[in-house]
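2 protein chains.
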Amino acid sequence: MIHQLIENIKRTNAPIVVGLDPMLSYLPKHLLDKAEKEYGETLKAAAEAVWEYNKGILDATADLIPAVKPQIAMYEQFGVDGLIAFRKTVDYAKEKGLVVIGDIKRGDIGSTSEAYAVAHLGTMTIGSKSYQPFGEDFVTVNPYLGSDGVKPFIKVCEQEKKGIFVLVKTSNPSSGEFQDRLIDGRPLYEIVGEQVAEWGAQHMGDSYSYIGAVVGATYPEQGKVLRKLMPKSYFLVPGYGAQGGKAEDLVHCFNEDGLGAIVNSSRGIIAAYKKEEYASFGEEHYAEASRQAVMDMAADINGALSRVK
Amino acid sequence: MIHQLIENIKRTNAPIVVGLDPMLSYLPKHLLDKAEKEYGETLKAAAEAVWEYNKGILDATADLIPAVKPQIAMYEQFGVDGLIAFRKTVDYAKEKGLVVIGDIKRGDIGSTSEAYAVAHLGTMTIGSKSYQPFGEDFVTVNPYLGSDGVKPFIKVCEQEKKGIFVLVKTSNPSSGEFQDRLIDGRPLYEIVGEQVAEWGAQHMGDSYSYIGAVVGATYPEQGKVLRKLMPKSYFLVPGYGAQGGKAEDLVHCFNEDGLGAIVNSSRGIIAAYKKEEYASFGEEHYAEASRQAVMDMAADINGALSRVK
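Heads up: the protein sequence lines correspond to chains V and G, in order. Numbering follows the working numbering, with no gaps: position 150 of the first sequence is 150. Numbering follows the working numbering, with no gaps: position 206 of the second sequence is 206.
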C-alpha cells in the first residue's frame, strides 16, 4: 500500500492528504436541514449529513489528491451512526482510487492491539466468511506502550500489505511536555523515531518502508533531524495551515527525491468555504471551494519544494 | 462519578473491575451457534453472540462487583455491529448499577480530543435534542500528546461529573521501552505521574480526584513510588492474573484507607470456564464460572490487603 500511496502522489503531483474531520459547525445548512427532514434531530441525521458533506468533497477533489485521512474521533462523536458514516466514507474514497489513512491513534498491547489492527487494517473471519471491519489502508498508531503495542499492527500490515504511521513528534503546542524531554541528552521523540526507523528497515516496500511516522509541520528544526534519523520512513505531516505550519517549514520533511512526506490539511480544505479567501463560492458550493483550496495548497507546497532544490 | 465508584467498592467490599474483553475464542459454542442461525456467518452474528455472552456475565456477577471495563478494541474488531454490542453492554451494565470504565486509550489534540471526550463521556446536541453517543462513566486516556490531549477530556468530565484514568505505567513487558527512560534521573512514567497528580489536585471529588492513573500490577516497586507521587488519584490496575501480577504485588497501589485502587481482571474472569480450576462448571455455565472467579479474586486481593495492614 506504500507503493500505491507513492504512485498516487506521483500521478497527482500533490504530496497532500485531505483530512476528512467533519465538525457539526462545518456542515452547510442545506445538508443538515435535508438530513433532519428525513431523520429528525438525531445522531443519525448528523451522521448522514456528514457523509453527504464528505461525498461532495470527495467528488470535487478525488482527481487532484492521492489520499484522504478521516479522523475517526469526528465520527465517534455521533456514536454508532457516526461510525456508519466513517465506513461509508472509507469505502467511497477507495472506490475513487484514493489511499485511506485512518487517523485513529490507537495503541494498546498484545491481543488488544491486534484487535484494533484487525478492525482497521485486517480481516475478521466468522465461520467460512471473511470481512474487513473498517477497511482503511493505513492507520496512525500511538507508541507510548512500546513495541508490544506496535508489533501487532505490523503483523497485520505484513499479512494485508498495508501500513502505519507511528506518532513521533506531534504538531500541537504541548507536544513537547513529554515528547521533548531529554533522555541521555536526546529528546524522547528521537528515541521513538529511532525505534520507528528500526521497525521500518525491517518492513520495506520498494524504496520506502510501510512503517511511517507522524511528524508535525509546526516544528521545522525537529523535522529536519527526524528526516535524517528515519530516511526510509514516509512522514505524515499534520499542522499545515490552520495550525500555523507553513510550506517553508515542512520542506525538510521531504527527501531529495521529492518524496518521503505527505502533508495533511483538514479544516483548511474541507471548510475552505468559511475562509474569506474562498467565501465567494458560497455555502452551497462548499465542495468547489475545497477543490480550489486543494489546488492552492498543492501549488504552495510544490513551490516551496522547488525553491529548496 | 468517582464518588459512585468508591461507594460501589465499599458496598461490594471488592476493589475489582471485570474487563469485558470478549474474544471470539472465548465465546461458548452455543451462543455463537444461536447467533449464526439467526444472522448467518456475519459480523452481526459475532457481535450479537458477544452481547449475549456479556449479558450472561453481567447477570451472574453484577451484585458482587463495583464496575466493569469493556475494552473497545474487542468490539471494534467486529466493525459497526461490534460497536452496537459495546453500546448495549455499557447501557446494561449501567442499568445494573455498575460504573462503566471504557478502556479506549484515546488521545489526540484540541477539538479532536474533545470529540472523543464527547463520544464517550459527554453529550452531543443536535438541534433541540441531546444524546450520549456511547455513555461510559470513565475512560482511559493516552498522554503522549501532552496536556492539549488530556485537558479536553477533563473539561467534559467537569461538565458531566465523570472521570478518566491516564496511562502512566502500563502492565505489558515492553512498557519500559519509552515509559522507563530516564529524564534528569527520573523515569518518564514519574514525570507523567507528577502531571496526573497536578491535574488531579485541581479536580477533586470528595476524598479522591476524578483524574486517575493506569498503573500496571506487574511492576510492584514502581506502583509503590507512584502511589506516593499521586496520593489523591485512583489507580486502575491492569495485569492481575493472566498477565502475571499477583495480589501481593499490587497491595502498594492502595492507600492506608484501603482505597485508592481498583484491580482489573479480564480473561481470568470472563473466560474462567476455560481454566482447569473452573472447568467443572462447563461451557454452558460459563457465567457461573465467572461468578466463582470473581469471588476468588476478591478474596485473594482482600487477603493480601489484610496481611499488609
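It cannot be assumed that every hint is accurate.
Treat identical chains as interchangeable: a pair holds within one or across any two.
[Unchecked claim] Listed below are the simulated DSBU-like cross-link pairs for lysine-lysine, each with C-alpha atoms no more than 30 Å apart in a straight line:
(1) Lys-155 - Lys-274
(2) Lys-161 - Lys-37
(3) Lys-37 - Lys-275
(4) Lys-29 - Lys-274
(5) Lys-96 - Lys-55
(6) Lys-88 - Lys-161
(7) Lys-232 - Lys-129
(8) Lys-129 - Lys-88
(9) Lys-88 - Lys-274
(10) Lys-34 - Lys-151
(11) Lys-151 - Lys-37
(12) Lys-274 - Lys-129
(13) Lys-274 - Lys-55
(14) Lys-228 - Lys-34
(15) Lys-96 - Lys-44
(16) Lys-55 - Lys-44
(17) Lys-228 - Lys-55
(18) Lys-309 - Lys-151
(19) Lys-228 - Lys-10
(20) Lys-275 - Lys-29
(21) Lys-232 - Lys-34
(22) Lys-37 - Lys-88
(23) Lys-37 - Lys-228
Because the hints were derived from the structure by calculation, they are not lab data.
Taking the hints in turn, this is what the structure says about them:
1. Lys-155 - Lys-274: between (42 Å within a copy, 27 Å between copies)
2. Lys-161 - Lys-37: neither (43 Å within a copy, 34 Å between copies)
3. Lys-37 - Lys-275: Within one copy only: 28 Å inside, 54 Å across.
4. Lys-29 - Lys-274: within (12 Å within a copy, 55 Å between copies)
5. Lys-96 - Lys-55: within (11 Å within a copy, 41 Å between copies)
6. Lys-88 - Lys-161: Only inside one copy: Lys-88 and Lys-161 sit 22 Å apart there, 34 Å across copies, limit 30 Å.
7. Lys-232 - Lys-129: neither (37 Å within a copy, 50 Å between copies)
8. Lys-129 - Lys-88: Answer is both: 21 Å inside a copy and 25 Å across each meet the 30 Å cutoff.
9. Lys-88 - Lys-274: within (25 Å within a copy, 38 Å between copies)
10. Lys-34 - Lys-151: Result: close neither inside a copy nor across copies, 45 Å intra and 35 Å inter.
11. Lys-151 - Lys-37: neither (47 Å within a copy, 36 Å between copies)
12. Lys-274 - Lys-129: So Lys-274 and Lys-129 pass the 30 Å test across copies only (26 Å; inside, 45 Å).
13. Lys-274 - Lys-55: within (18 Å within a copy, 47 Å between copies)
14. Lys-228 - Lys-34: This pair counts as neither: shortest intra-copy Cα distance 51 Å, inter-copy 56 Å.
15. Lys-96 - Lys-44: Both: 25 Å inside a copy, 27 Å across copies.
16. Lys-55 - Lys-44: Both. Shortest intra-copy (16 Å) and inter-copy (26 Å) distances satisfy the 30 Å Cα cut-off.
17. Lys-228 - Lys-55: Neither, since 38 Å and 53 Å both go past 30 Å.
18. Lys-309 - Lys-151: Answer is neither; intra-copy 37 Å and inter-copy 41 Å both fail.
19. Lys-228 - Lys-10: within (22 Å within a copy, 55 Å between copies)
20. Lys-275 - Lys-29: within (16 Å within a copy, 57 Å between copies)
21. Lys-232 - Lys-34: Result: close neither inside a copy nor across copies, 47 Å intra and 49 Å inter.
22. Lys-37 - Lys-88: So Lys-37 and Lys-88 pass the 30 Å test inside a copy (21 Å) and across (27 Å) alike.
23. Lys-37 - Lys-228: neither (54 Å within a copy, 56 Å between copies)
Violated hints, in rising order: 2, 7, 10, 11, 14, 17, 18, 21, 23; the structure is consistent with all others.
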